[in-house]
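Please build the complete structure, drawing on both the sequences and the hints.
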Amino acid sequence: MKEPKPMPKETITTRAHDYNQWYLDIVREADLAEVAEVVRGCIVFKATGYAIWEMMQRELDNRIKTTGHENIYFPLLIPKSFIMKEAEHVDGFAPEVAEVTRAGGEELAEPYVIRPTSETIIGYFYSKWVRSYRDLPLLYNQWCNVMRWEMRTRPFLRTAEFLWQEGHTAHVDEAEAEAETLRILFDVYADFAEQVMAMPVIRGLKTEKEKFPGALRSYCIEAMMQDGRALQSGTSHNLGQNFARAFDITFTDQHNTIQHCWTTSWGVSTRLIGALIMTHSDDEGLVLPPRLAPIQVVLVPIYKNEDERARVMEAVERLTADWQGRLRFKVDDRDNFTPGYKFNEWELKGVPIRVEVGPKDVEKGSVAVARRDMPGKAGKQFVPQAGLTDYLLTLLEAIQVALFERALAFRSDRTATVTTYDELKAQIERGFALAYWDGTTEEEKRIQDETRATIRCIPLDQPEAPGICVYTGRPTSRQVIFARAY
RNA sequence: CGGGGCGUGGCUCAGCCCGGUAGAGCACCGCGUUUGGGACGCGGGGGUCGUGGGUUCAAAUCCCUCCGCCCCGACCA
Numbered sequence: 001m002k003e004p005k006p007m008p009k010e011t012i013t014t015r016a017h018d019y020n021q022w023y024l025d026i027v028r029e030a031d032l033a034e035v036a037e038v039v040r041g042c043i044v045f046k047a048t049g050y051a052i053w054e055m056m057q058r059e060l061d062n063r064i065k066t067t068g069h070e071n072i073y074f075p076l077l078i079p080k081s082f083i084m085k086e087a088e089h090v091d092g093f094a095p096e097v098a099e100v101t102r103a104g105g106e107e108l109a110e111p112y113v114i115r116p117t118s119e120t121i122i123g124y125f126y127s128k129w130v131r132s133y134r135d136l137p138l139l140y141n142q143w144c145n146v147m148r149w150e151m152r153t154r155p156f157l158r159t160a161e162f163l164w165q166e167g168h169t170a171h172v173d174e175a176e177a178e179a180e181t182l183r184i185l186f187d188v189y190a191d192f193a194e195q196v197m198a199m200p201v202i203r204g205l206k207t208e209k210e211k212f213p214g215a216l217r218s219y220c221i222e223a224m225m226q227d228g229r230a231l232q233s234g235t236s237h238n239l240g241q242n243f244a245r246a247f248d249i250t251f252t253d254q255h256n257t258i259q260h261c262w263t264t265s266w267g268v269s270t271r272l273i274g275a276l277i278m279t280h281s282d283d284e285g286l287v288l289p290p291r292l293a294p295i296q297v298v299l300v301p302i303y304k305n306e307d308e309r310a311r312v313m314e315a316v317e318r319l320t321a322d323w324q325g326r327l328r329f330k331v332d333d334r335d336n337f338t339p340g341y342k343f344n345e346w347e348l349k350g351v352p353i354r355v356e357v358g359p360k361d362v363e364k365g366s367v368a369v370a371r372r373d374m375p376g377k378a379g380k381q382f383v384p385q386a387g388l389t390d391y392l393l394t395l396l397e398a399i400q401v402a403l404f405e406r407a408l409a410f411r412s413d414r415t416a417t418v419t420t421y422d423e424l425k426a427q428i429e430r431g432f433a434l435a436y437w438d439g440t441t442e443e444e445k446r447i448q449d450e451t452r453a454t455i456r457c458i459p460l461d462q463p464e465a466p467g468i469c470v471y472t473g474r475p476t477s478r479q480v481i482f483a484r485a486y
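Residue numbering for the first sequence follows the working numbering, beginning at 1 and increasing consecutively.
A hint or two may mislead.
Listed next, the in silico DSSO-like pairs over lysine-lysine satisfying Cα-Cα at most 27 Å (straight line) [what the hints assert, rightly or not]:
no., residue 1, residue 2
1, K342, K380
2, K330, K9
3, K330, K342
Quick caveat, the hints were computed from the structure, so don't treat them as lab data.
What follows is the structure in structure tokens.
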């Protein structure tokens, strides 16, 4: 059989031509979301996009529960005065909070803000719940929506309203809070990103300039998108005693002395959907890793007439008999579209595997199997009907691994160590620049002004040998990653 | 919020400069022929031209307001 080259999708701008437009084209064509033009900066999560979020939620929620946390839910509205209580926090969020000033037909005595994050209202309640060291730790998480009035928005990556989970914990001392912060970073976020999203991430510490307003330390996972830019994909904060002081979260310890708790907070959001798109997808459309794909296998029956249709559908019934519960699949039996149209449509929507069953397959006892991560002839082959289910399950795993490996290789290729400022400027055009750093926050800002790149993080994996700071020339043992960021 | 671009059937856009009965392709509906990489023929439906105001005998077209989207900056999960 002659295999034509994958046809370029005329509805999708190529990545090389315009990466931003490509991203928007994918979101629209794969039917993930729609810009809600009647509500500034907001999107409608369409069925496929929301299904991906549900898959993410399931995997994350499992990890959050297995690390000992319980789900809980706090109000959407927060008294405005709460937000004002932690100095750094106010400065960080004041410009982007939306306020409710009227309700019930009259002005409210105290306005509410629509939560941009819930540290403050949770802090208020934690202070009521904690009396003794025996009440600690508090290990809670909430799934909710939040609102931040961002100036510029993009579907999934930055929207005025977004969905996320925010974990909030309280502990007896710094060591326990720090252990919690890191455990979430490694065992929940990094593990999820790499094992489920097939997206390699760098585990790191934020600089003072980049940390969460009000935090003692912020940790993050950073991923590289296909244009070489960095995307912060999750954050985990050790809040120290800052919020405990602001909200008077205190406990009596073993020695009968009153102490402030140490709290943490951590979150990942629907931004991960944007990360997923920009990590794996190509000019043909969305590419979904099997573990997150709402549909893992789509089966397209092919026939010319009623007789063929009957024979083909009989084979389809037989082949899919034991798929239920083992594969997430769909049989595309719509008769108002041609097979070629369906191939393109499912490719666009990122389904990892397509199985084609036609009259010739019925005769020969075969099926055609095409894998999405390898468009065109390279990814399509004929396999025997016998043992098909196991074959598909194995192939799904292979695709999952291949996507991770490909993304990892891409990142490695676009990451380089730089020793001079000129090298740094050149490297951030391509991707991540690893550099020794001993500068101040002021110097960090100056570099941002000059290059539009920021320090994404101080990787937790640090080199053995010390080096020379790329900017100040001072000797240091600390290496950081510079990159342009989303 | 600053600079730039753009809002016309569901989508992509033409028409605007030079005011005079709103168009094309795709999509959609019906019928028939088709179906292994985006099928074809014939027939058909669908638009207060983003919003509000102004100029004019007459506004998609000219002027102003507001809203929204896209790109580039400053802010951010």
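Among the hints numbered above, which are violated by the structure, and what are their numbers in rising order?
none
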